[in-house]
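For reference, the chains in residue letters:
Number of protein chains: 2
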Amino acid sequence: MMRGMMMDRPMLVSSVIDYAAEVFPQVEVVSNTVEGGIHRYGYAQARERIGRLANALVGLGVKPGDRVATLAWNGYRHFELYFAIAGIGAVCHTINPRLFPEQITYIANHAEDTALFFDLTFLPLVEKVAPTLKTIKTYALLTDRAHMPASSTLPGLLCYEGLLSEMDAAFTWPEFDENAACALCYTSGTTGEPKGVLYSNRSMMMHTFCLIASRPDLFAYNKRILPVVPLFHANAWSLPYVTPVTGCPFILPGAKLDGATLWELMENEGVDAGWGVPTVWLGLIDEFKKRGRKPKNLKQILSGGSAVPQAMIDTLTRDWDIEVTHGWGMTEMSPIGTITLFRPDEQKLQPLERAKLSALQGRRMFGVDLKIVTEKGEIAPRDGETSGELFVRGPAVTSGYYNNAEATKKQMDAEGWFGTGDVAKVTPDGWLVIVDRTKDLVKSGGEWISSIDVENAALAVKGIANCAVIGVPHPKWNERPLLVVVKAPGAEPTKQEIMDVLGSKIAKWQMPDDVVFVDALPMTATGKISKKDLRSKFADFKLPDMAGG
Amino acid sequence: MMRGMMMDRPMLVSSVIDYAAEVFPQVEVVSNTVEGGIHRYGYAQARERIGRLANALVGLGVKPGDRVATLAWNGYRHFELYFAIAGIGAVCHTINPRLFPEQITYIANHAEDTALFFDLTFLPLVEKVAPTLKTIKTYALLTDRAHMPASSTLPGLLCYEGLLSEMDAAFTWPEFDENAACALCYTSGTTGEPKGVLYSNRSMMMHTFCLIASRPDLFAYNKRILPVVPLFHANAWSLPYVTPVTGCPFILPGAKLDGATLWELMENEGVDAGWGVPTVWLGLIDEFKKRGRKPKNLKQILSGGSAVPQAMIDTLTRDWDIEVTHGWGMTEMSPIGTITLFRPDEQKLQPLERAKLSALQGRRMFGVDLKIVTEKGEIAPRDGETSGELFVRGPAVTSGYYNNAEATKKQMDAEGWFGTGDVAKVTPDGWLVIVDRTKDLVKSGGEWISSIDVENAALAVKGIANCAVIGVPHPKWNERPLLVVVKAPGAEPTKQEIMDVLGSKIAKWQMPDDVVFVDALPMTATGKISKKDLRSKFADFKLPDMAGG
Numbered sequence: 001m002m003r004g005m006m007m008d009r010p011m012l013v014s015s016v017i018d019y020a021a022e023v024f025p026q027v028e029v030v031s032n033t034v035e036g037g038i039h040r041y042g043y044a045q046a047r048e049r050i051g052r053l054a055n056a057l058v059g060l061g062v063k064p065g066d067r068v069a070t071l072a073w074n075g076y077r078h079f080e081l082y083f084a085i086a087g088i089g090a091v092c093h094t095i096n097p098r099l100f101p102e103q104i105t106y107i108a109n110h111a112e113d114t115a116l117f118f119d120l121t122f123l124p125l126v127e128k129v130a131p132t133l134k135t136i137k138t139y140a141l142l143t144d145r146a147h148m149p150a151s152s153t154l155p156g157l158l159c160y161e162g163l164l165s166e167m168d169a170a171f172t173w174p175e176f177d178e179n180a181a182c183a184l185c186y187t188s189g190t191t192g193e194p195k196g197v198l199y200s201n202r203s204m205m206m207h208t209f210c211l212i213a214s215r216p217d218l219f220a221y222n223k224r225i226l227p228v229v230p231l232f233h234a235n236a237w238s239l240p241y242v243t244p245v246t247g248c249p250f251i252l253p254g255a256k257l258d259g260a261t262l263w264e265l266m267e268n269e270g271v272d273a274g275w276g277v278p279t280v281w282l283g284l285i286d287e288f289k290k291r292g293r294k295p296k297n298l299k300q301i302l303s304g305g306s307a308v309p310q311a312m313i314d315t316l317t318r319d320w321d322i323e324v325t326h327g328w329g330m331t332e333m334s335p336i337g338t339i340t341l342f343r344p345d346e347q348k349l350q351p352l353e354r355a356k357l358s359a360l361q362g363r364r365m366f367g368v369d370l371k372i373v374t375e376k377g378e379i380a381p382r383d384g385e386t387s388g389e390l391f392v393r394g395p396a397v398t399s400g401y402y403n404n405a406e407a408t409k410k411q412m413d414a415e416g417w418f419g420t421g422d423v424a425k426v427t428p429d430g431w432l433v434i435v436d437r438t439k440d441l442v443k444s445g446g447e448w449i450s451s452i453d454v455e456n457a458a459l460a461v462k463g464i465a466n467c468a469v470i471g472v473p474h475p476k477w478n479e480r481p482l483l484v485v486v487k488a489p490g491a492e493p494t495k496q497e498i499m500d501v502l503g504s505k506i507a508k509w510q511m512p513d514d515v516v517f518v519d520a521l522p523m524t525a526t527g528k529i530s531k532k533d534l535r536s537k538f539a540d541f542k543l544p545d546m547a548g549g
Numbered sequence: 001m002m003r004g005m006m007m008d009r010p011m012l013v014s015s016v017i018d019y020a021a022e023v024f025p026q027v028e029v030v031s032n033t034v035e036g037g038i039h040r041y042g043y044a045q046a047r048e049r050i051g052r053l054a055n056a057l058v059g060l061g062v063k064p065g066d067r068v069a070t071l072a073w074n075g076y077r078h079f080e081l082y083f084a085i086a087g088i089g090a091v092c093h094t095i096n097p098r099l100f101p102e103q104i105t106y107i108a109n110h111a112e113d114t115a116l117f118f119d120l121t122f123l124p125l126v127e128k129v130a131p132t133l134k135t136i137k138t139y140a141l142l143t144d145r146a147h148m149p150a151s152s153t154l155p156g157l158l159c160y161e162g163l164l165s166e167m168d169a170a171f172t173w174p175e176f177d178e179n180a181a182c183a184l185c186y187t188s189g190t191t192g193e194p195k196g197v198l199y200s201n202r203s204m205m206m207h208t209f210c211l212i213a214s215r216p217d218l219f220a221y222n223k224r225i226l227p228v229v230p231l232f233h234a235n236a237w238s239l240p241y242v243t244p245v246t247g248c249p250f251i252l253p254g255a256k257l258d259g260a261t262l263w264e265l266m267e268n269e270g271v272d273a274g275w276g277v278p279t280v281w282l283g284l285i286d287e288f289k290k291r292g293r294k295p296k297n298l299k300q301i302l303s304g305g306s307a308v309p310q311a312m313i314d315t316l317t318r319d320w321d322i323e324v325t326h327g328w329g330m331t332e333m334s335p336i337g338t339i340t341l342f343r344p345d346e347q348k349l350q351p352l353e354r355a356k357l358s359a360l361q362g363r364r365m366f367g368v369d370l371k372i373v374t375e376k377g378e379i380a381p382r383d384g385e386t387s388g389e390l391f392v393r394g395p396a397v398t399s400g401y402y403n404n405a406e407a408t409k410k411q412m413d414a415e416g417w418f419g420t421g422d423v424a425k426v427t428p429d430g431w432l433v434i435v436d437r438t439k440d441l442v443k444s445g446g447e448w449i450s451s452i453d454v455e456n457a458a459l460a461v462k463g464i465a466n467c468a469v470i471g472v473p474h475p476k477w478n479e480r481p482l483l484v485v486v487k488a489p490g491a492e493p494t495k496q497e498i499m500d501v502l503g504s505k506i507a508k509w510q511m512p513d514d515v516v517f518v519d520a521l522p523m524t525a526t527g528k529i530s531k532k533d534l535r536s537k538f539a540d541f542k543l544p545d546m547a548g549g
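In order, the protein sequences belong to chains A and B. Numbering of the first sequence is given in my numbering, commencing with residue 1 and proceeding in unit increments. Numbering of the second sequence is given in my numbering, commencing with residue 1 and proceeding in unit increments.
One should not assume that every hint holds.
[Stated by the list, open to error] Quick look at which bits of chain A chain B covers, simulated, 3 or more residues with Cβ under 8 angstroms:
id : region
1  : 92-98
2  : 219-232
3  : 292-301
4  : 359-366
5  : 382-395
6  : 400-406
7  : 524-531
[To be verified] Non-contacting residues of chain B with respect to chain A, defined by C-beta distances greater than 12 angstroms in every case (computed):
id : residue
8  : Phe288
9  : Ala520
10 : Gly527
[What the hints assert, rightly or not] As a list, the in silico DSBU-like pairs of lysine-lysine whose alpha-carbon atoms are at most 35 angstroms apart:
id : chain 1 : residue 1 : chain 2 : residue 2
11 : B       : Lys505    : B       : Lys528
12 : B       : Lys443    : B       : Lys476
13 : B       : Lys290    : A       : Lys348
14 : A       : Lys299    : B       : Lys356
15 : B       : Lys439    : B       : Lys256
16 : A       : Lys348    : B       : Lys299
17 : A       : Lys443    : A       : Lys495
18 : B       : Lys348    : A       : Lys256
19 : A       : Lys348    : B       : Lys476
20 : A       : Lys63     : B       : Lys296
21 : A       : Lys371    : B       : Lys296
22 : A       : Lys299    : B       : Lys296
23 : B       : Lys508    : B       : Lys356
24 : A       : Lys296    : B       : Lys356
25 : A       : Lys505    : A       : Lys443
26 : A       : Lys348    : B       : Lys348
27 : A       : Lys296    : B       : Lys296
28 : A       : Lys134    : A       : Lys495
29 : A       : Lys532    : A       : Lys443
30 : A       : Lys256    : A       : Lys376
31 : B       : Lys532    : A       : Lys296
Worth flagging that the hints you see were computed from the coordinates, not collected in a lab. C-beta atoms are modelled at their ideal positions from N, C-alpha and C, and glycine is treated no differently.
Given these sequences and hints, build the entire structure.
Have a look at this one:
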């Protein structure tokens, strides 16, 4: 090998905020605050406050490599923490506040966090769990002095704004190895304890670059971007880095993510694109209907986290002139793996034709390698038929879980690829189709039934607001599908109506053996339907003898 | 430091062509061929042929680290060489065919090239210099069997298409350190021997990523891009990597770069954007005028290599509805350092207002650090006034010249920044303004006069096609400016008319002491005005006593 003669400069996330401050000083970060009202400033002012925060962190004794935790919504102070913590070489550990308190305790202790910065909303939660947190020495409330509580059980509780006001804004970032960790996020698996994904400066920059390179149009001309996806969830799909680099305004929605609040914010801030999970878009679409229009500038919705039903994509496309981009990924992938990505000939299709392609999970993002391994251990051909477990590889994919050799071992194959736990296939045109989570497949006799396929068919039935398919034990077939339905408000679909519609959409052997109605589906802390909870609820469910393979 | 737990995957340029072949298999590379006629294929077929070429190179004994030279225009075979050579871990050494034969000999021997691939055009040139080339064992002509010469003085001359036809298309790229060299390009300085810049896989990918991240709009929606900038010149500004990653069609113009040929190709291929040096655009604008219109889809011109005069930008903007993006860079920077980059408020300006900003050299690209050092050795403030020598730093900036410690020493400062040899300033808004090349400044008494400022003022005079300002010795002032003018066809501007116009645009002490008319200006091999040649031509010129400081 001959080594090139180019400068050996590390890729550090701190360079992102310095660039934005210099090149896009007035481009705004807008936040719907927890305290009430809108906060806005430019990237230059953000950098100034990030400098103050960096000085404060150093003053508090935070050292390179230390884990500093956050429990916070999408707001400017959370954004500041991202850069100040990573900038000094420490690790920004974003904790999902929707987890059970016991999980938060487990995660903070496992990560050995030394400090915790949290929003006002979470003061009661933090006061409750604090006695169980073994390593946290510093508690800081993300608010100003006026909103500080008169008293708190938390030892030496700091006021974020008070802290910053005492500090100097000047702070020159240290330079260090780009492989240094910059962020940590635990993924709450449906089995076992949460597992930590430890991102590096390099991996974060690579994900940022690869996302922009794969879909430059999403960031062209300083698009006004609103991440509904939380900053505590897989780096908010790396948007906190992508928007400053590309000079896009960043609109942070705070704690309230209902349709009405989102609609108002999008309207007032001229948001071009919203990024988030499908559940959120359901609420927003309801608001479109109530008001008879969408927010004036909204043109794009980026949806990930779980599969977007075709019906939702069609509605957004046809009724609201919104283009839906679908992404698939995992916390372990920083998180995006595949994304809706059209070829020039597909660009020319009618919107509703393109919408059909948007229902697929997308094509691989540059920098992500995909490998599908069949049950026989063979590499699946890209025929749109053969499915198997999906493995991934790339510079922004985890090489193992933080301090968890056992979980790491389960997930990595002999060649160093990461096993996603998803069953998938790839079409000859290169579209990834997620068939199901391995553990959510209904194993009926020798056949696998995709719960997602049946759910998508059922969601097209009028009067169904939401649904889930799980396998329940069956004496002859091992498992058979059960459809669990939440009715839309005011609607009264019957079992027979649903079965009739399904019968025209899916094969007989895929048909659910029964339909049950519930008021609501159990959800995980990350906003997905908890099939684990559903399965345990219906473990003893007696299927009628009305169907079968 | 705590190390992140992410996969250690190298950034290799071979991943670019594999991605394009898979995700954009039918997106076209279109070439105006040397043999005549248009050649077109998709990225998938390109990858297939690149696989054959890689097998051929290995068969010819090319080893990792070996330098493989090219003498070729912008065509698909040159594009193939880029990827096949770098893909096997060797170094693609693009030689500028416009250099003097002695320079080509110097460069090929200095690089110790082991093979040379060249276009038909250059057969006589290669036959002439071959006896002086000490290390080249393999000569291959970039053509098919039908176009091979009946005989040649070159030992064992190979036919490129013959070579490929015998090879297998399957070739899996080896994985190696991303710091491995992938390309080599000599910059023909205006003083001394040419100096080699040795790019690495990492630096090339970083430049690619940073360009896309800085101007995503340029590559959004699969824009049809035509590089007039040669593949033998600083990686054609990294377009051979940017276009496959972003799925942009790549239109290669071959050997003929006159206005009429370019116009036809742009029209027929629906080119959206042309990238090249200002001289080329002069010819193209003439063609617009002749035909009364521009090629139907042409919307953008990217201009770099030398400063673009305001008058040209205004014409393109006002008369032809073409947006001009201005870039500044150097071979040593892979090559882009700054680029026209608008803030949201500037995006909203009228086109002719934006055009004023496009005449500046642009804002720094993400990943490029700028430092301006005054004569006193101080860092210049960003006040738009204080100028000094421009230093640069970044992961795609050279750390030294290949096998040339002496030249390296001259160019790098104590902190590891690269000295560009340009005198520059930065406005408070972050726009870089190149005042002049250090050596092109006219040193008049204690003042510096920017030759570029005077030239830009003169180019606005009706009847001036091109011009250059050089300093000529003056007994009192040390140097004084001389304006050398090429008249436009049919125009007869007088010395007095020119001086009158200049008098209204620049200060008295900047006024040239004399004006001389020439038929043509001497050009360098890279298409820039050779001030070195002009200075030696006019070294003994007697200035009249009509002006002075």
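> Is it correct that the beta-carbon of Gly527 of chain B has no partner in chain A closer than or equal to 12 angstroms?
Replying inline: The assertion about Gly527 of chain B holds, with a minimum of 25 angstroms to chain A.
>> Next pair to validate is Lys532 of chain A with Lys443 of chain A; report whether the Cα-Cα distance is within 35 angstroms.
In response: Answer holds: Lys532 of chain A to Lys443 of chain A is near 16 angstroms, not above 35 angstroms.
> Within a Cα-Cα threshold of 35 angstroms, do Lys134 of chain A and Lys495 of chain A meet the stated pairing?
Replying inline: violated (52 angstroms)
> Any Cβ of chain A at or closer than 12 angstroms to Phe288 of chain B, or is the non-interface label fine?
Replying inline: holds (26 angstroms)
> Keeping to a limit of 35 angstroms between CA atoms, is the pair of Lys443 of chain B and Lys476 of chain B held or broken?
Replying inline: Between Lys443 of chain B and Lys476 of chain B the Cα gap is close to 12 angstroms, so the pair holds against 35 angstroms.
> Between Lys299 of chain A and Lys356 of chain B, is the straight-line Cα distance small enough, at 35 angstroms or below?
Replying inline: holds (31 angstroms)
>> Under 8 angstroms between beta-carbons, do enough residues of the region 359-366 of chain A, three at least, approach chain B for the coverage claim to hold?
In response: Answer holds; 3 residues pass the 8 angstroms Cβ test.
> Within a Cα-Cα threshold of 35 angstroms, do Lys443 of chain A and Lys495 of chain A meet the stated pairing?
Replying inline: Distance of about 23 angstroms is within 35 angstroms: holds.
>> Check whether the Cα positions of Lys505 of chain B and Lys528 of chain B lie no farther apart than 35 angstroms.
In response: holds (25 angstroms)
> Taking 35 angstroms as the top limit, are the C-alpha atoms of Lys532 of chain B and Lys296 of chain A close enough?
Replying inline: Roughly 58 angstroms separates the two Cα atoms, so the pair is violated.
> How about the region 219-232 of chain A: do at least three of its residues have a C-beta closer than 8 angstroms to a C-beta of chain B?
Replying inline: holds (count 4)
> Does the structure keep Lys256 of chain A and Lys376 of chain A at a Cα separation of 35 angstroms or less?
Replying inline: violated (47 angstroms)
Hint compliance for this structure: hints 1, 3, 7, 19, 20, 21, 28, 30 and 31 are broken, all remaining hints hold.
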